[in-house]
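**Student:** Listed below are the residues making up each chain.
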Amino acid sequence: MSFVFSRGRLLLWGACLALAVALPLVLKSGFMLSLLCQIGIMVVFALSYNMLLGQTGLLSFGHAVYYGMGAFITMHTLNMIGKDGSPLVVALLPLVGGLAGLLAGVVLGWVTTKKAGTTFAMISLGIGELVAACALMFPGFFGGEGGISGNRVVGKGSLLGFTWGPQVEMYGLIVAWAFVATIAMFALTQTPLGRMANAVRDNPERAEFVGYDTQRVRYLMLILSGFFAGIAGGLTALNYEIVTAETLNAHTSGVVLLMTFVGGIGFFYGPIIGAILVSVMQIVIGGMTHAWLLYFGLFFLFMVLMAPGGIASVIAMQRNLWQAGLFGRMVPHYLAATVPILVLMAGLVGLIEMSYALLAGEGVGAGDTATRVMGMQLQLASMEPWAIALATTAAGVLLTRWIGGRTGVAWNSALSTLHGDKS
Amino acid sequence: MTAPAIRMQGLKKNFGVSEIIRGVDLDIHRGERHAIIGPNGAGKSTLFHLISARLPVTSGIIELKGENVIGLKPFEINRKGLSRSFQITNIFHNLSVFENLRCAVLWSLGYRYSFWHRLAGLKDARLRADAVMEDIGLTSRRDTPAGILSYAEQRALEIGITIASGADVILLDEPTAGMSRSETDDAVALIRRVTEGKTLVMVEHDMGVVFGLADRVSVLVYGQIIATDAPAAIRCNAAVQEAYLGTGTHAGHGHE
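Those protein sequence lines, which keep their order, are chains U and C. What the first sequence shows, in my numbering, is residues 2 to 424, in sequence order. What the second sequence shows, in my numbering, is residues 823 to 1078, in sequence order.
If you are wondering where the hints come from, they were derived from the structure by calculation, not from laboratory data. Warning: the hint list may mix true and false statements.
Stated by the list, open to error - Taking lysine-lysine and the DSSO-like style, the derived pairs with C-alpha atoms no more than 30 Å apart in a straight line are: (1) Lys1020(C) - Lys945(C); (2) Lys902(C) - Lys887(C); (3) Lys945(C) - Lys115(U); (4) Lys902(C) - Lys116(U); (5) Lys1020(C) - Lys902(C); (6) Lys945(C) - Lys902(C); (7) Lys834(C) - Lys116(U); (8) Lys895(C) - Lys834(C); (9) Lys29(U) - Lys157(U); (10) Lys834(C) - Lys1020(C); (11) Lys895(C) - Lys1020(C); (12) Lys834(C) - Lys887(C); (13) Lys895(C) - Lys116(U); (14) Lys115(U) - Lys834(C); (15) Lys84(U) - Lys157(U); (16) Lys895(C) - Lys115(U); (17) Lys902(C) - Lys834(C); (18) Lys887(C) - Lys1020(C).
As the list claims (entries may be wrong) - Rough simulated footprint, nothing fancy, chain U against chain C, three-plus residues with beta-carbon under 8 Å: (19) 890 to 901; (20) 928 to 942.
Said to hold, decoys possible - If you anchor each label on the Cβ, the simulated ranges turn out as follows: (21) Asn862(C) - Gly9(U): 39 to 45 Å; (22) Gly15(U) - Ala825(C): 38 to 44 Å; (23) Gly988(C) - Asn152(U): 55 to 61 Å; (24) Asp946(C) - Thr418(U): 37 to 43 Å.
Glycine is no exception: its CB is placed at the ideal position from the N, C-alpha and C atoms.
Based on the provided sequences and hints, a complete structural model is requested.
**Tutor:** Right under this line is the structure:
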């Protein structure tokens, strides 16, 4: 597939692959390894979602259906081949997941892609709920609340020494699949169908008047997107060796939407960044505090308000500044702006953690009198930590307004220079 | 004898109880440049929407090169060789000028919904898009997103997208609306150039454009064609003057 790449792009992709392969050599802990596995899977899932949202302009609330179907079918296939299987067959199982996702796309997409816009969003939500409800109604296939589990180590032999038993081998398999799937999805953006998907997103009416059936374009894109989501589902089944109904419910659909959006839907690599970031937040911050969803929500709000184009758009902007030789003059402002933001975050985290410890109740330790925040033991009954947290927050707000305002001025002047240079 | 490029018979269109097109009979000959004029609200754009299937027909017949096209979808009619532009610019805003034009040629070159061809490798699509870009004078704007072009450039691109597929029946809906005098002259020259040897039907308000370009003119008033004739004859037609301006004055250009 090298025909897809220019030399610069080849270097960049090669560097990404090298990084993905090298990371587990550096980060040796089991925790890091499972985080990396999750990231690899989510990269494929988020990229498949952006085939709909970013490339075709279809906002889906039910993308987990294709991911989940891929996962369940993969798991059933794994259990079916059982002892007769070989590591080679297991390595190819994500393809079965992909075909399951594709088939789900062929059937469900026929209904959902009849219309675009809000209608599509609503139907995708309805189909998503329908399938999620089915998952609980048919425990024979979906395994009910407990889900279904399997064992990815089958047969006695190995494939070039791989049995897929150790997590690091599984990681290798995920990287291989993620890399191939990413290349394929990128290649798709460079084909007539991929470009017409953009055209349908921009102006469906005009697309019809240059000879294209917009419904067919949406349908094909959904089927292909379902295929890649199914591959991600197959990988998740092999990775966790258990698939539950949660894999295909609205929460999973919501997470992939947020990842893709935060990363940036206007750029091919946006969802990759989003998948990495959200997975890290989910697992790292999720491991530190029970309130991680709250932080994630705040972060999402911040992104939607401040950078609706996602992180990728922010990066692209910096690159434009860099090329115009303006990046250097922004650096001091960026550095200055991090100070008030850190102060504000420290204050907010203190308030949130103390409130959470006080109010959240069981599981966290109901009626706790103390909690640990950033290594500090805080007494909830005394006024002191509350006052300090409040004061820090207030100082953060004031500083942010002051320095943030100056950063904004510098930013706008850099932008106007940039655009002035262009014209 | 070859069938006319477009034949309309007893064509009607109702919106609820109001009749917008009230029985249009008109043959557009192959290879002619035909202008449709008429006062605001006469139904000119609606007539275009019916021919191009943007709106469903209430009753009557439309034939494209002898073939019934009632009930076909816009993309099906487009594939039969009819292409249209819009009064309100209708382009792919986020795509570059070049991408706009390439999208417009893909179907006619047979690439359909292919996801196994690499766009950059499609030499015929690139050459055709580049040729049209040259024709409409936007070569210097090749990689500019269509959404940030100037108004006149967007109108030129609109015409470019319309003709790019090589359709032999072209419908232009007010191609010079909102243009300055010199821009209009450029647009007329452009239209004349790119519709050479094709059938052109256009809705136009600017009488200078109409009399400069058209071989025949049809006058649409309250959903009916009251006259179809050569421009010079239309200019002198008493019924047209009466209906068009409500007075006996000459239908001069710049009418609104």
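**Student:** State for each hint whether it applies.
**Tutor:** So, going through the hints one by one against the coordinates:
1. Lys1020(C) - Lys945(C): holds (25 Å)
2. Lys902(C) - Lys887(C): Holds. Lys902(C) to Lys887(C) sits at ~9 Å (cutoff 30 Å).
3. Lys945(C) - Lys115(U): violated (33 Å)
4. Lys902(C) - Lys116(U): holds (25 Å)
5. Lys1020(C) - Lys902(C): Distance ~14 Å between Lys1020(C) and Lys902(C) Cα, so the pair holds.
6. Lys945(C) - Lys902(C): holds (24 Å)
7. Lys834(C) - Lys116(U): holds (28 Å)
8. Lys895(C) - Lys834(C): Holds - the C-alpha atoms of Lys834(C) and Lys895(C) are around 18 Å apart, at most 30 Å.
9. Lys29(U) - Lys157(U): holds (27 Å)
10. Lys834(C) - Lys1020(C): Holds. Lys834(C) to Lys1020(C) sits at ~27 Å (cutoff 30 Å).
11. Lys895(C) - Lys1020(C): The given pair, whose Cα atoms are some 23 Å apart, holds under the 30 Å limit.
12. Lys834(C) - Lys887(C): holds (20 Å)
13. Lys895(C) - Lys116(U): holds (15 Å)
14. Lys115(U) - Lys834(C): Measuring from Cα to Cα gives roughly 28 Å; hence the hint holds.
15. Lys84(U) - Lys157(U): holds (8 Å)
16. Lys895(C) - Lys115(U): At roughly 14 Å apart (the allowed maximum being 30 Å), Lys115(U) and Lys895(C) satisfy the hint.
17. Lys902(C) - Lys834(C): holds (23 Å)
18. Lys887(C) - Lys1020(C): holds (13 Å)
19. 890 to 901: With 5 residues closer than 8 Å to chain U, the segment 890 to 901 of chain C meets the three-residue bar; holds.
20. 928 to 942: holds (count 13)
21. Asn862(C) - Gly9(U): 39 to 45 Å: violated (55 Å)
22. Gly15(U) - Ala825(C): 38 to 44 Å: violated (60 Å)
23. Gly988(C) - Asn152(U): 55 to 61 Å: holds (60 Å)
24. Asp946(C) - Thr418(U): 37 to 43 Å: Taking Cβ atoms as reference, Asp946(C) and Thr418(U) lie about 42 Å apart, which means the hint holds.
In terms of the numbered hints stated before, the structure departs from hints 3, 21 and 22, listed from lowest to highest.
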